[in-house]
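A.B. asks: Given next are the chains, with one letter for each unit.
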Amino acid sequence: MSSNPLVQFVPYSSAVEAAFWHTLSTRKIDLYKLDDTSHDILGYYSTGHTITSQHATEANISMPARLCLGTGAFDDVNAASFSRLPPFSYPSIGTIKNTNTIEDFKVLDKNALFKEITEQIWQDINSGKAVKNPYLLTRFLLITFADLKKYKYHYWFGFPALVTETSWNVAKNGEIKVISDLWESKDIERFRENYDLFRQKQSCANAGFFLVKRSNDNEIMIGGLSEFDTFFEGCDSDEKIVGFADPSSLPTNPGWPLRNLLVLLQRRWNVYKIKILCYREIPGKKDISQTCILSVEIPNTAKISDECPKGVGWEKNSQGKLGPRSADLAPLMDPTRLADTSVDLNLKLMRWRIVPNLQLEKIRETKCLLLGAGTLGCYVARCLLGWGVRHITFVDNARVSFSNPVRQPLFFFEDSLEGGKLKAQTAAENLKKVYPGSITEGHNISIPMPGHPITSESQTRSDVEKITQLVDSHDVIFLLMDSRESRWLPTLLGASMRKLVINTALGFDTYVVMRHGVKDLDSASKLTGASSSKMPEVKQLGCYFCNDIVAPTDSLKDRTLDQQCTVTRPGLSAIASAYAVELMVSVLHHEKGPVAPADTINDPGSTDISTSTPLGIIPHQIRGFLTNFNNLLIVGQAYDKCTACSDKILEEYKSNGFEFLKRVFDSPTYLEELTGLAKLHQESEAAGDFVWDEEDNEL
Amino acid sequence: MTNTLTQTYLKQYPFLTRQEFEIAAKSFLEQSKKSVREDGGDLWVWNEHEKLKGFGYLSRKSIIQKLKSESLNENFTFITTDDENFEQVEEELEDPSTLNIASETTEYLTVDYHIIYSTSYKVPVLYFNTYHKDGTPLTNDEIYSCLIEPSRLEDIKTAGFHGGISQQDHPTLLIPFYYLHPCETATLMKSIVDKPQSTILNSNNNNLLNGEIPIEGYIRSWLSLVGNVVGLKVGIGYFL
Numbered sequence: 001m002s003s004n005p006l007v008q009f010v011p012y013s014s015a016v017e018a019a020f021w022h023t024l025s026t027r028k029i030d031l032y033k034l035d036d037t038s039h040d041i042l043g044y045y046s047t048g049h050t051i052t053s054q055h056a057t058e059a060n061i062s063m064p065a066r067l068c069l070g071t072g073a074f075d076d077v078n079a080a081s082f083s084r085l086p087p088f089s090y091p092s093i094g095t096i097k098n099t100n101t102i103e104d105f106k107v108l109d110k111n112a113l114f115k116e117i118t119e120q121i122w123q124d125i126n127s128g129k130a131v132k133n134p135y136l137l138t139r140f141l142l143i144t145f146a147d148l149k150k151y152k153y154h155y156w157f158g159f160p161a162l163v164t165e166t167s168w169n170v171a172k173n174g175e176i177k178v179i180s181d182l183w184e185s186k187d188i189e190r191f192r193e194n195y196d197l198f199r200q201k202q203s204c205a206n207a208g209f210f211l212v213k214r215s216n217d218n219e220i221m222i223g224g225l226s227e228f229d230t231f232f233e234g235c236d237s238d239e240k241i242v243g244f245a246d247p248s249s250l251p252t253n254p255g256w257p258l259r260n261l262l263v264l265l266q267r268r269w270n271v272y273k274i275k276i277l278c279y280r281e282i283p284g285k286k287d288i289s290q291t292c293i294l295s296v297e298i299p300n301t302a303k304i305s306d307e308c309p310k311g312v313g314w315e316k317n318s319q320g321k322l323g324p325r326s327a328d329l330a331p332l333m334d335p336t337r338l339a340d341t342s343v344d345l346n347l348k349l350m351r352w353r354i355v356p357n358l359q360l361e362k363i364r365e366t367k368c369l370l371l372g373a374g375t376l377g378c379y380v381a382r383c384l385l386g387w388g389v390r391h392i393t394f395v396d397n398a399r400v401s402f403s404n405p406v407r408q409p410l411f412f413f414e415d416s417l418e419g420g421k422l423k424a425q426t427a428a429e430n431l432k433k434v435y436p437g438s439i440t441e442g443h444n445i446s447i448p449m450p451g452h453p454i455t456s457e458s459q460t461r462s463d464v465e466k467i468t469q470l471v472d473s474h475d476v477i478f479l480l481m482d483s484r485e486s487r488w489l490p491t492l493l494g495a496s497m498r499k500l501v502i503n504t505a506l507g508f509d510t511y512v513v514m515r516h517g518v519k520d521l522d523s524a525s526k527l528t529g530a531s532s533s534k535m536p537e538v539k540q541l542g543c544y545f546c547n548d549i550v551a552p553t554d555s556l557k558d559r560t561l562d563q564q565c566t567v568t569r570p571g572l573s574a575i576a577s578a579y580a581v582e583l584m585v586s587v588l589h590h591e592k593g594p595v596a597p598a599d600t601i602n603d604p605g606s607t608d609i610s611t612s613t614p615l616g617i618i619p620h621q622i623r624g625f626l627t628n629f630n631n632l633l634i635v636g637q638a639y640d641k642c643t644a645c646s647d648k649i650l651e652e653y654k655s656n657g658f659e660f661l662k663r664v665f666d667s668p669t670y671l672e673e674l675t676g677l678a679k680l681h682q683e684s685e686a687a688g689d690f691v692w693d694e695e696d697n698e699l
Numbered sequence: 001m002t003n004t005l006t007q008t009y010l011k012q013y014p015f016l017t018r019q020e021f022e023i024a025a026k027s028f029l030e031q032s033k034k035s036v037r038e039d040g041g042d043l044w045v046w047n048e049h050e051k052l053k054g055f056g057y058l059s060r061k062s063i064i065q066k067l068k069s070e071s072l073n074e075n076f077t078f079i080t081t082d083d084e085n086f087e088q089v090e091e092e093l094e095d096p097s098t099l100n101i102a103s104e105t106t107e108y109l110t111v112d113y114h115i116i117y118s119t120s121y122k123v124p125v126l127y128f129n130t131y132h133k134d135g136t137p138l139t140n141d142e143i144y145s146c147l148i149e150p151s152r153l154e155d156i157k158t159a160g161f162h163g164g165i166s167q168q169d170h171p172t173l174l175i176p177f178y179y180l181h182p183c184e185t186a187t188l189m190k191s192i193v194d195k196p197q198s199t200i201l202n203s204n205n206n207n208l209l210n211g212e213i214p215i216e217g218y219i220r221s222w223l224s225l226v227g228n229v230v231g232l233k234v235g236i237g238y239f240l
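Keeping their order, the protein sequence lines are chains W and C. According to full-length UniProt numbering, the first sequence is numbered sequentially starting from 1. According to full-length UniProt numbering, the second sequence is numbered sequentially starting from 1.
Derived from the structure by calculation, the hints contain no laboratory data. A portion of the hints provided could be inaccurate.
Simulated pairs of lysine to any residue, SDA-like, Cα-Cα distance not exceeding 20 Å [to be verified]:
(1) 433/W with 464/W
(2) 66/C with 50/W
(3) 172/W with 97/C
(4) 285/W with 61/C
(5) 348/W with 169/C
(6) 519/W with 539/W
(7) 61/C with 89/W
If you want the ones that stay clear, here's a sample from chain W, every Cβ over 12 Å from chain C, calculated [unchecked claim]:
(8) 22
(9) 62
(10) 129
(11) 328
(12) 340
(13) 344
(14) 403
(15) 406
(16) 496
(17) 507
(18) 578
(19) 623
A virtual CB, placed ideally from N, CA and C, is assigned to each residue, including glycine.
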């Protein structure tokens, strides 16, 4: 007999529904609080089977022997809660021990808890409770620690199986076989029908363990475990069949519940050899063809002492080792993560439905520096969030004033109290309230300006350093300040580091939104200007200062208050900011990025629908006029005497650095001398007879 | 034939009222029970709203095989992890009667499917959530790579009649669920019915002539078109 192989049982594989973790969390918070005593929980299992893949290309798969915990796991254990279990499943009662801290979880005397459950099963076998209610044979243990802040759940299942001194073997000629190899199909069908009736009578609770025999008139009969003594009266030992709902789906091995059932049979009725029916059905399909039958035996000398046997059955983790698992439910329960998912999905819809080539990942990774956290800065930031941009940095040196919140959508009345909070930092804080996933910070820095002489050299030096470092660490620089000359330094830095610079400026009812040109280093390509054949060739697109023939100087001096504050129609800023962001997004979609040539007019009547980006054309400058509600697209060429982006200036900055900047801040006319603008002035004055208009004079 | 005896037509095909939805849903439930042999359809359940009458929905749970996708990128990580550095439990000797199963051989997913009425669109909406075996949900990317059949991926992305996948709170359970956006459902349901030029325009009973689908067949027809995108099949048994 010893040559016969051991019966090897398929252990359970735990399956926990998200709803269970939800319920555990709420109960911990509202009900248990700091009480960490054990509680009963209700699990369930179904019979094992293979499932047909829903995808035609894949083969059928065997399901693991799952012990599941679902929504109703914390309901009181009674007939009503049993009836709420999913159809075709069998109850299993567990004990949950949820610790208060991770440390408690670690040092918990796990063996003692496991032993408690093992002893309970043993007692139920001896007292006969398990005969009346055989589902008690499947008791299990669950130890958990719920990290409610991180929505992370540490857990470990134990499924105690009693281990007797002698192990069960497969009986001679009793190898496991599918039912159709042993039974005629009409018998299988009769069995299925009778078992269904039996199950209905037992209302599932105790249908997981049962007796099967053939009556004298060859009918297949089913009985409850408690009928053992009478049911098999007159049967040959070969005709006695004990069945159980088998969670295993392997054609070669029975599942875990059989272990404690065999101990029960041996202990109570001195069974040493028995035929076992492993009931396996495909739920709802009335298909039990995967049911198996085997015979098992144990030497009849084997004794079970009165001592509780030891138990085995801790679940292994996904590495196949004995240890706890953890489940991260943050994507489902952490509001921040949910916001991430939803924003992401929303944008993806746009890509899938409208613009298949939309580069959402590129937009998302783009780091944006917003110089100015006023009306423009706030609107630009909100609009960037809409596109899924995460990295948004604000620079401003002002405080929130009482007039700000109504026009600047990242500030609230409270922010303007007690002298007002710092705008840059407050904008960043509030942006995080809009979208916690944003990576944002505010810097309180004054941007040094030409014609605004330095008062503290060390301060100016550190401001310049900070701004230089910020421009360097971002991809797109938005110029959103309220004065012209404060744009000079970032324009220079942007040109020098070849960044995409988007500039927005407002009049009362006019605005300009433009991108600064970046020189194409690819000398082979001279075609960097306007792509329209109607336009003269443009070598490099201009910057904000390219059309000036004077250097920027203190525009705030000698002005009345209403001139110093930007007085604009309130809707203008939202319009211009939106254009600025959309311009950035379009440029990001061009293969040349900031170097991309300017498109001018896209004739709506034109049949030519090809545009330079999937989103359409990319202009150089958008000039808007609210009086007529229209826009003009304008292309401006880079000016070789430009005070901000010309080669002369960039070279001077490269070789003299801060010393150069310092001279400019002290005396803006230095820029005119350097670029040759001063000479130009002299020449034109000598020529005499025309007047320079100080207004912008575009192409 | 369930639909020969009691055929009711919608007042405003392809739109349903909430009452019509409930009738449609319960007819679907009947069909699913009858199709048991074919599809295991018995697993659909009608759930009443805890407080509001007439706000119920259909649900079922499915276990499906996890698709192995080559397109799965590297930054894809399994959420299911083990706890490191925990003292292990002593299980003295390896128990010879325990079958040693190669760990985590079978990859399967649990999907909760819910069919819920949309007040705004006046059509049924298919909600779903997909979980790993420990209850952790699939990420957006995992849903596309593990749940949606590759041949359907383009379809869902260009959002033909499936309308694309979005996420929002389940109207009754108030937990986040994915759903197939219903914006194209009415168009879809309209497009599948024959539209012969009806001459009896003012007749009250021209629905049949228009080939409209009766209430009783609405959900199975709709679900058979949209469900298989997310692994939910409506077998022939529902139509017998």
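A.B. asks: The structure should be examined with respect to each hint, and the outcome stated for every one.
C.D. replies: These are the hints, each one checked on the structure:
1. 433/W with 464/W: violated, 30 Å
2. 66/C with 50/W: holds, 14 Å
3. 172/W with 97/C: holds, 18 Å
4. 285/W with 61/C: holds, 15 Å
5. 348/W with 169/C: holds, 19 Å
6. 519/W with 539/W: Holds, at roughly 8 Å.
7. 61/C with 89/W: Holds, at about 13 Å.
8. 22: For residue 22/W, whose nearest Cβ neighbour in chain C is about 7 Å away, the distance does not exceed 12 Å, so it is violated.
9. 62: violated, 6 Å
10. 129: About 25 Å separates residue 129/W from the closest Cβ of chain C, which puts it past 12 Å; holds.
11. 328: Incorrect as stated: the minimum Cβ-Cβ distance to chain C is 5 Å, not above 12 Å.
12. 340: violated, 9 Å
13. 344: Violated, because the least Cβ-Cβ distance between residue 344/W and chain C comes to about 6 Å, which does not exceed 12 Å.
14. 403: holds, 38 Å
15. 406: Non-interface label stands for residue 406/W: nearest chain C Cβ at 32 Å, farther than 12 Å.
16. 496: Label holds. Min Cβ-Cβ 34 Å, cutoff 12 Å.
17. 507: At roughly 41 Å from the nearest Cβ of chain C, residue 507/W sits farther out than 12 Å, so the non-interface label holds.
18. 578: Consistent with the label, residue 578/W stays out of reach of chain C, its closest Cβ about 24 Å off (over 12 Å).
19. 623: Label holds. Min Cβ-Cβ 37 Å, cutoff 12 Å.
Checked against the numbered hints given earlier, the structure breaks hints 1, 8, 9, 11, 12 and 13 and satisfies all the rest.
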